[in-house]
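Trainee: Given the sequences, and given the hints that come with them, work out the whole structure.
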Amino acid sequence: MVLLNIIIWLPILAGIFLLGTPLKNPAWIRRFALLVSVIPVALALFLFLRLRQGHAPEIQNRLWVESIGLGYSLGVSRISILLVVLASLVGMCAVLVSFRTEQRPKEFFGLLLLMVGGISGAFSSLDLFFFYAFHEFALIPTFLLVGFWGGPERRQAAIKMTLFLGVGSLVLLLGLLGLYLKSGAHPTFYIPSLIEHYRSSPLNDLDQQILFGILFLGFGTLVAVVPFHIWAPDGYAEAPPAAAMLHAGVLKTFGIYGLMLTAIPMLPEGYSAFRYPMGCFGVLTILYAGYVALRQSDLNRMLGYSSVSHMGYAFLALAAGTPVAQEGVVVLMLAHGLSAALGFAVAGFSYSQAKTREMPVLGGLAKKMPAAATLFSMAALAGCGLPGLGNFVAELLIFIGSFKIFPVLTALAVWGVVISSTYLIRAIKAVFLGPVKDNGREVRDMTWMERLPCFVLAAVLVWIGFLPRSISDVHGSHPPENPKQWAQTRDPSGTPSL
Amino acid sequence: MIFWLIQFLPLAAAAIILLFLRGKHSLAASVSVLAAVANAVLAFGALSKGAVPPLRPMVWMNVGLFQIEFGFVFDHLAKLMLVVVTGVGAVIHVFSVGYMEQDTGRGRYFGYLSLFMFSMIGIVLASNFIQMFLFWELVGLSSYLLIGFWYERDSAAQAAKKAFLTNKLGDFGLMLGILCVWMLAGTFNFLDLAGITQWPPQHIGTLEWLGRSISLDITITVTALLIFCGAVGKSAQFPLHVWLPDAMEGPTPVSALIHAATMVAAGVYMLARIYFLISASEAAMSVIAAIGAITALMAALIATQQNDIKRILAYSTLSQLGYMVMVTGVFDAHNYAAGMFHLTTHAFFKALLFLGAGSLIIALHHEQDIWKMGGLSGKMRLTFLTFLIGALALMGMPGFSGFFSKEDLLAVLYLHNKLLFGIGILTALLTAFYITRLLVVVFIGLPRSAAAMHAQESSGWMTVPLVILSVFSWIGGYEFMGIQSLLPKMQLPEHGHVVMVCSIIALATGSSAALFIYWNRASEPLTSRILIPIREKFYFDDIYNYLVRNIQGTFAMFLNFIDQWVLDITVFRGAAALLRGVGVGLRRLQTGNVQVYAFLFGAGTVLLIWWELLR
Amino acid sequence: MNFAAILDSAKERLLETLQLPLLIEFLLLAAAMSVLMIQAFFPLFSRRRMTWIVILSFGFLLVLSLLPIVRVINTESLVNVFGTSYRLDPWTMTFRSFFLLAGLGVCLLALPWVEHQQENAGEYLSLLILAVLAMVLCAGVADFTMLFVTLEFLTITSYVLVGIQRRNPLSLEAGIKYLIVGATASAMMVYGITLIFGMTGTLQFEAIDTFLRAGNAGSPMIKFGLLLVLSGLGFKIAAFPFHWWVPDVYQGAPLPTVALLSTGSKAAGFVLMIRVLHDAFQPMAEFWQPILGLLAAATILYGSLAALTQNNLKRLLGYSSISHSGVMMLGLAAGTIFGQQALIFYLYAYLFGVLLVICPMALWETPSSQHEISEYSGLRDKSPWLAAAMMVGLVSLAGIPPLIGFFGKFLLLIAILEQQLYGLAVILLIGVGASLYYYLRVIRALYFARGDIGSHPVPALHQKVILGALIALTFFFGLCQEPLWRQASAQWLDWFS
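Residue numbers (the working numbering), protein chains in the order written: chain A, 698 to 1195; chain B, 26 to 640; chain C, 114 to 610.
Think of the hints as simulated: they come from the structure by calculation, not from any bench. Keep in mind it's a predicted model, so treat the numbers as computed, not measured. Errors might be hidden in some of the hints.
[Unchecked claim] Quick look at which bits of chain A chain B covers, simulated, 3 or more residues with Cβ under 8 Å:
#1 1085 to 1091
#2 1106 to 1113
#3 1126 to 1138
[What the hints assert, rightly or not] Listed next, the in silico DSS-like pairs over lysine-lysine satisfying Cα-Cα at most 25 Å (straight line):
#4 A:LYS1134 / A:LYS1065
#5 B:LYS562 / B:LYS397
#6 B:LYS49 / A:LYS1065
#7 A:LYS1064 / A:LYS1134
#8 C:LYS495 / A:LYS721
#9 C:LYS577 / A:LYS721
#10 B:LYS49 / A:LYS1064
Where is the CB? At the ideal position from N, CA and C, for every residue including glycine.
Mentor: See below:
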């Protein structure tokens, strides 16, 4: 458990140290930030491998404010440790991507580290209070990073983003407190106890539905489900690459993770009442954001809409609720995190070189920056669901897992892949291919230092794409006897397990 | 083991080249060519293994009991296709060395080419639908990369995009089809699926629509048609054929390998692979046959009026693919054998024709307009002779490979559907016409440009592959080559000589008409206005442009409008403005006048008391 | 006579002294008088040094008030002073510490202000101590006479504290406004008290409680009286519709006074409300609970909406202070002990937030400051410490974890949800959402805007230390809430059980 605490608190303390230190030399600040961001990656990977080897998940539960049942509880399952790995990995890459930040590097890296620590904390908390608090905590540095280091419209975007996320979180808070208060005579915030409680004595149907609705609204806003998404494209367009990577890639999935961790297991009736609407919202998000992305001329906004759109699959899968679909959600969170981070990283680089994000005036950048073009294409192709990259695995599992439950919705979701291919392939062409235009004459390619984080992200993406089994749940899997038999009886893609 | 090697050798080559050897051109080329040749040798070696029992698969992904496997099948179908792919592939790799000699991006080119080989072999050997889909998409990727190889050219980038997206459209159907298969059978495995027609009904699931389950027949029809969508995209059948002619923007060896011999044939291969499924539905079969027929005829018609040498060959490819699909859709056990046979011979002679065209294009410094050529038979004798052999095979001249396969194909059509047979014969006539036109205009007569005047025979890197392929194009159809033995035996009833007579008449009519019209012409003699639709490729591109730009574009614009104006400005900013307005209003009460404050204080108290006590 | 015996007897003496019921109150009075004396007899005594003396005495008293020996003994036996009109119970202890902490904080704030003001610092400081004394006395009120006396004591000292800058017309105007509206409130209250006295025949809270429990809870005249008393107290806590003075007074008053008004004075209003409603009118809970809910909702909405477009930081603080009052009233509206505990915790949280916002303002102040938000544009570039402190304060006030302000709102939300007051919960969320916006606007100015700022004092090391300590506490109590939560609640539980 010490390890988990280090993963969370090391970046936070280091961030506070950076913010407060009178250190001036940017080189030392950078190195320090990098060092601090590498350690959690190693620790998180270590924890993941241990879990995979079958060690029991470690859980720490320490009462904090006894009289109201609030505790500082940490613990990771396979899913959450994967997300912690993702958070620390993307965090490290974000540090590397902005390694040469010249504007106030001390504050920049300090805030970035705070954000990374907050995200890891949110994913490894087992107490509703800290679960919520860590997420909110990560929003403050996001706000400052966007507002201070962002693009030309950064102030507006930062305020809008924070307002939406703030209000969404408040709604969420209402729902979480509902879960807390309904949990018996001595209410608790400890999530495993809550699940236990609600399993043995479920709430009445109406309460469940209301609570689930509130939680869905709250978590949904955090994930930018249509129509609560309008903060996302603006925010991501204006955010500095590092912040966009961390938020779009990792922090956003908090909403999905939260639904899986709290609402769905605790409120089975509410869930079953909301399954169909949830699936519809998911598909609406996929298609709507996809079509809107088609019309964007700003590269980053397009990526923003793309990121919104891809989260729709997760909602569809959660609505279907089969184990296969659920595993698809896990892979999706990872793969989307990596590909979104990669996309924003390279888009940020091309913006820094070409000084514009408008696709119509860009073109032919591949000539001058082949490495950037390759890496961006990988991110975009991942978004198209190309096999060999992680997103394909995710989408495939989601489609297989959801098709028997919602055939029509799933078919529409498959159409979403066509749409996302359309705008992403268009974007590759508009930005990198074709004849070189004026903006592309004075550019250079990425240096090795700039390539490194993108390589890391791309490599993990390819790794998941080719060997998805290395992250899947190896324990508890048995060889199937006869496929025809279990297809009919115990089909993990056809029976909701949640 | 040998299969793992065959499968992953090209990937290793691609990875090495793309990661480390992008700048080291000769090294990249040698790695890639060596891998391709080694693969061909391995594949021929594997042939001797005879029927291989199902290979133990590896688990690629699992969720509890649910597993997606990664394994290989190596039945007769896979054997034939593997030989074609690796054999033609190796030859084209060698040709590429010569063709790309001057190019500055050679390293990248060979990397992509090896990536393609990896993906294509993956399709051939895939043991289940998911695995096939995986490589299916990867093939699409390598095709995208290779079409857009000269990405600085806008047209190339455009064509690559078009190819990718059109294929994606087909793959949309394929993905749904695969999901339907999962619904039906609960397995993706081809071998498990093969017996599906004999399964007890309770083991078969059906689709549901609006809460009612659909009958098994319709479910199977829908499934088969959805899967066929994938083939329509990849094999460029009507109405998704538009990408293939544009794909000629890629380097010519790529056109030969990917867009003539192997990848576009993957659709036909897949139909053969799941023949048990599509043949279970008569309706699906007739749709497939109809699509094939339309493609064959339409593409042949268009080919007669094209001027770009590669485009003529591209439309010819379309038309021949239409043949293969058409015959697959004729209901009979093992009819796909005719399609596969034609696929094989077509791979040889169409690769040959494209490589010949490539040799011409290099000699003419990238001139592709046939009206700028002429009189090349004397200057490039070897190219001319090999090209001639390819053309004769394509026409179906007796004695050449194309004759045998086309004969089988037409016989099947004749026996089952006279209308399709008529279309087949008409297409054969048009084929003879356009290929003769090509031969006459390019090789006969006087040179019509400076480039054609000074053309020289290409280097040995290019001519040797031409010779090898021309040999196969010539003799590939004979029994002793053993191609038929790799296919299931077709039981064709006796059908006399009608088919042969008809096809020879068609051949003679077509070629003589072309000879008559085009002999010694300096420009296109057929300028009638009736031919405008043909010249304009039946306006398909315009229709698609209209659909994409106007329908989809307008829809997207509408949603974007909603997003920008309704959600963002009206709802979000409107709400913000409203709240701010209320705030301003409230602040108005704050006059700063102390009498007003005292009054409001008192009024508030009174109001409160009234509300609570007197109301 | 051995040494040990002397020591023992000294110890005993000390213990006895420490257990004197009104020790801290007397010490406060003494401090106020000494400051006045020093001011009168040593006019050249450094103001700065005098302020430090006051700060240290507040610190000393605060530590004293937190000593278990002072608290624990009193917990076991309640002490009534002045007959039955004043009592010392755990509740008084909790609030006493709070007021001393507030006094300490305000004095720290006053440090830079006192230095560059022309006025007599001694006057100001002694009045400040007297105001804190008044508040401490409010904490133990047990009948209406005492209530009125302490309240007037507090109000009158506050008038002067508001209007102390005689040469500043805004300050004078604010003082007058406060006086007049305050007088109206007092009048209402006296009227209410007489009505209650007339109906119940007693002024003592416990007696009123007994009277009401005897089945007289429905009397309209008593209700009338109670409403009038509530409106008088509403003036102190700045609840809608008794809040009208707030923005003007906040704008005119010196910054330390603003801090005192928004924390100490408000807390005094709340403690009196708790005393009245719980000691005397508990049997009428069904009557006053909805009223408080209604007032809380109106107060939250008014405060946060009016603050949305405010461009003057001091006025903004005024409106936000109104809004926070509304939030705190929710704790009363919940009608549970837990709600009141949450309220007290919130008071602490609010105190930290306000200090963190006003401290930098005081340090940054020049004689010409109008405290428009635009004056703070780009503060971050000029003085990162001040900007950081202010930002932490604003974020805490906005209620974002892991800062202490969040936990306060969290507790209150639990309190009202527990009572199934869903409408109020939604109103609270609206208020918090709006507050997010107006606080963010200030942060945006601090951090993202570019502004040219004239010459300003740069915070000295000790000021940085103070700010740093406040920031650290805000984080610490936001994460480890237990110590503060015990302080705000634990003894309470004993008292009511």
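Trainee: Against this structure, judge whether each hint is valid.
Mentor: Hint by hint, here is what the structure shows:
1. 1085 to 1091: Since three or more residues must qualify, the claim that chain B covers the stretch 1085 to 1091 of chain A holds, with 3 doing so at under 8 Å.
2. 1106 to 1113: holds (count 4)
3. 1126 to 1138: holds (count 6)
4. A:LYS1134 / A:LYS1065: holds, 11 Å
5. B:LYS562 / B:LYS397: holds, 22 Å
6. B:LYS49 / A:LYS1065: holds, 18 Å
7. A:LYS1064 / A:LYS1134: The hint holds at about 11 Å.
8. C:LYS495 / A:LYS721: Holds, at about 16 Å.
9. C:LYS577 / A:LYS721: holds, 19 Å
10. B:LYS49 / A:LYS1064: holds, 18 Å
Every hint, counting from the list given before, is met by this structure.
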